[in-house]
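Start from chain A and add chain B with the ligand according to the hints.
Next come the chains, spelled out residue by residue.
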Amino acid sequence: MKIVIEFYASLMKYLPPGGRRFRRDIKVDEGLKLKQLIEQYNISDEEAHIVLVNGHFVALESREDHVLVEDDVVSIWPPVAGG
Amino acid sequence: MSWTRKLLRVDLSKGTCTSEALNMDWAKDYLGQRGLASKYLSEEVDPKCDPLGAENKLIMATGPLTGTMASTAGRYSVITKGPLTGAIACSNSGGYFGAELKFAGWDMVIFEGKSDKPVYLVIQNDKAELCDGSHIWGKSAWETDDILHATYQDPQMRIACIGRTAEAGCLYAAVINDKHRAAGRSGVGTVMASKNLKAVAVRGTQGIGNIDNVDAFFESTDAGKAVLAENAVTGQGLPAFGTQVLMNVINGVGGLPAHNMRDVGFAGAENISAEAMAEPRTSDGKPNLTTNGACFGCTIACGRISTVDKTHFSVKDKPQYHGASGGLEYEAAWALGADTGVDDLDALTYVNFLCNEDGFDPISYGSTLAAAMEMFEDGVITTKDTGGIELKFGSAEAFVAATELLVTGEGFGKDLGLGSKRLCEKYGRPELSMSVKGQEFPAYDPRGIQGIGLNYATSNRGACHLRGYTVASEVLGIPVKTEQTDTDGKPELVKAFQDATALVDSAGLCIFTTFAWGMDNIAPQIDAACEGDWSVDNCLEAGERIWNMERLFNQAAGFTADDDKLPKRLLEEAIKSGPTEGQVNRLGEMLPKYYEIRGWSPEGEPTAETRQRLSL
Ligand code: SF4
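Protein chains in written order, with my numbering: chain A, 2 to 84; chain B, 23 to 638.
Pulled out of the complex, with its shape left as it was, chain A reads as follows (with noise of 0.2 Å):
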């Protein structure tokens, strides 16, 4: 199925090529959970501070059963602040 992977700021070293500055569209198996998603492009989890599925947070407690499902549009972010 295809989903949107989009990682961040210093995360971007870990998009594979092609695509647009920090998006790329993917496919992956059926029934992938988020966890799996992020060890495949090998980041940790202190970098996967901020993780997004269509904009909802997911803490890291959550993401070994949170099943992605077509369409799914993951943002990651390290840890980041501003103001």
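To be clear, the hints were calculated from the coordinates, so they are not data collected in a lab. On a predicted model such as this, the values are computed, not experimentally measured, just so you know. Among the hints, erroneous ones may be present.
[As the list claims (entries may be wrong)] Estimated spans, in silico, between C-beta atoms of each pair:
#1 A:Ser63 <-> B:Glu77: 50 to 60 Å
#2 B:Gly410 <-> A:Glu47: 32 to 42 Å
#3 B:Lys36 <-> A:Met13: 53 to 63 Å
#4 B:Glu399 <-> A:Ser63: 37 to 47 Å
#5 A:Arg24 <-> B:Glu426: 27 to 37 Å
#6 B:Gly416 <-> A:Arg24: 34 to 44 Å
#7 B:Thr632 <-> A:Asn55: 38 to 48 Å
#8 A:Arg24 <-> B:Glu42: 54 to 64 Å
#9 A:Glu71 <-> B:Asp584: 47 to 57 Å
#10 B:Ala251 <-> A:Ser63: 30 to 40 Å
#11 B:Pro624 <-> A:Lys14: 50 to 60 Å
For glycine and all other residues, C-beta sits at the position ideal for the given N, C-alpha and C.
Chain B with the ligand only, in chain A's frame:
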């Protein structure tokens, strides 16, 4: 020095400069900078005074840590009664000016009265003198800085001044120091202009002394720097990406207001984000972001130094803007960009340069322009009013043209200088001003992020994220993540952030340290530098005291619980799409509890018991 124990009193009406002992009894209760200067203001100024009258005072104040080796300890604030709000105003700035004032031997400078002709103040250590400023009146802040540096031939001299926007009466004019740093909000620059005070130039060579416990100070400041270096936000994120990293985050979580807060979510956000600032552009292969920069003594270095594309329409005939200068921070990029619908990074960067060059607050300006754009779309404002500018959301050309008018207050620029509240009242649409107590919102939508709405509503200087940055917890998970659309626990969160921030400001530290430091990192540094007991508990109590004192000033100025409110749009017009679809701000669920835990009456007034507990 921690406290120099000396303040400089400048009577602009009489033209005198007098040294005075710092009130150390007050210093032990209010620490310094924001807290201590607000205490002086509360004692010396009638809260009902005309902010632009001679009876208002303007204070430039350092904290006891300003100028020391504590990380980020270069900060000073400008404290006055603000003309945009009529409330107490305190605008904080970094750069080098604050530390230099301390090196010259002064904790603060109190300006009172009004000069009958333009003047500037020169401070060289103990010597302070008012000089004729007629040759710099009418000049931009950048020109003023250059002229004074040429006059005194001392590159180490630090200058804080106003530009032409303040002279033109814009109600949200800033005080600019070191060319790229601003005491930006609430119109403190407008008050400076009203006193005919163009600039303060300072040079100090007296170094640092008066540290209460030198060994403990070395130890605690070293430990604090290690924490900042090891923390992912202060050690890596902020220096590399700056505050602008938030553009995509806040848009992603459904918290980015757009088009005068009519919408939440901006399709062009990524084009004006930190990631976009780092991309090479086609014309010269260089990115917008040239490098990062730091304020005095800062080991974080979040500042942005940028260039505009030389071929861009805004600067192609203006080579004076082709060099690197202060770049976009998140709040500015939001107000100038998302709120006006403009996603042209070069136009935004150019206008950001103008904000520094002539001294005006990009947040209030962007929001005021956005309100004007909405009224233009509604046909309330027409090209007759704007002098021919098609003031449409998303038009970079209109945005640049309007800003150039604002700088000198010409034509429609005069209207834009009123701020959104007065502008919307003038054109008969008061509900379109996105402000609290007359000051415009920063870059977080209170419908998508509940706690920040309560903070905006209760902020003592009008809508402001820097009075209690609950976004750290509600979105960024610092120190712990809370659910952004919940109201439970938010009154407590808001109070904790507000009190801690008041203390950090009053020490002379940068609030960005608190992404890594807790009060247990901060209190030991203050305690080592200053006499008295500055334990964690005492620091937090001082923060609470300062907050309540500011509240009491506003109460005496005529503010009531009725002013702790948000615009109807944010309470009734639900977010139309995205992850926070359907949300409005639920202020009514939070405000009574907030008053209760603050020890205030249901009418929002600190009770006698609370005042006694805090020695107010
Ligand atoms: S963190 Fe940024 S704003 Fe704060 S003192 Fe350092 S450079 Fe200045």
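Taking the hints in turn, this is what the structure says about them:
1. Separated by about 58 Å at the C-beta atoms, A:Ser63 and B:Glu77 satisfy the suggested range of 50 to 60 Å.
2. For the hinted restraint 32 to 42 Å between B:Gly410 and A:Glu47, the CB-CB distance of approximately 55 Å leaves it violated.
3. For B:Lys36 and A:Met13, the Cβ-Cβ distance of about 60 Å falls inside the hinted range of 53 to 63 Å, so the restraint holds.
4. Between B:Glu399 and A:Ser63 the C-beta distance comes to about 42 Å, which sits within the given range of 37 to 47 Å.
5. For the hinted restraint 27 to 37 Å between A:Arg24 and B:Glu426, the CB-CB distance of approximately 35 Å keeps it satisfied.
6. The given range of 34 to 44 Å is broken by B:Gly416 and A:Arg24, whose C-beta atoms sit roughly 22 Å from each other.
7. In this structure the hint that B:Thr632 and A:Asn55 lie 38 to 48 Å apart at CB holds, the actual value being about 44 Å.
8. Hint check: A:Arg24 to B:Glu42, Cβ distance near 60 Å, so the stated range 54 to 64 Å holds.
9. Range check, A:Glu71 to B:Asp584: about 50 Å between beta-carbon atoms, so the 47 to 57 Å window is met.
10. For the pair B:Ala251 and A:Ser63, the beta carbons lie near 31 Å from each other, so the given range of 30 to 40 Å is met.
11. For B:Pro624 and A:Lys14, the Cβ-Cβ distance of about 54 Å falls inside the hinted range of 50 to 60 Å, so the restraint holds.
Hints 2, 6, counting from the list given before, are not met by this structure.
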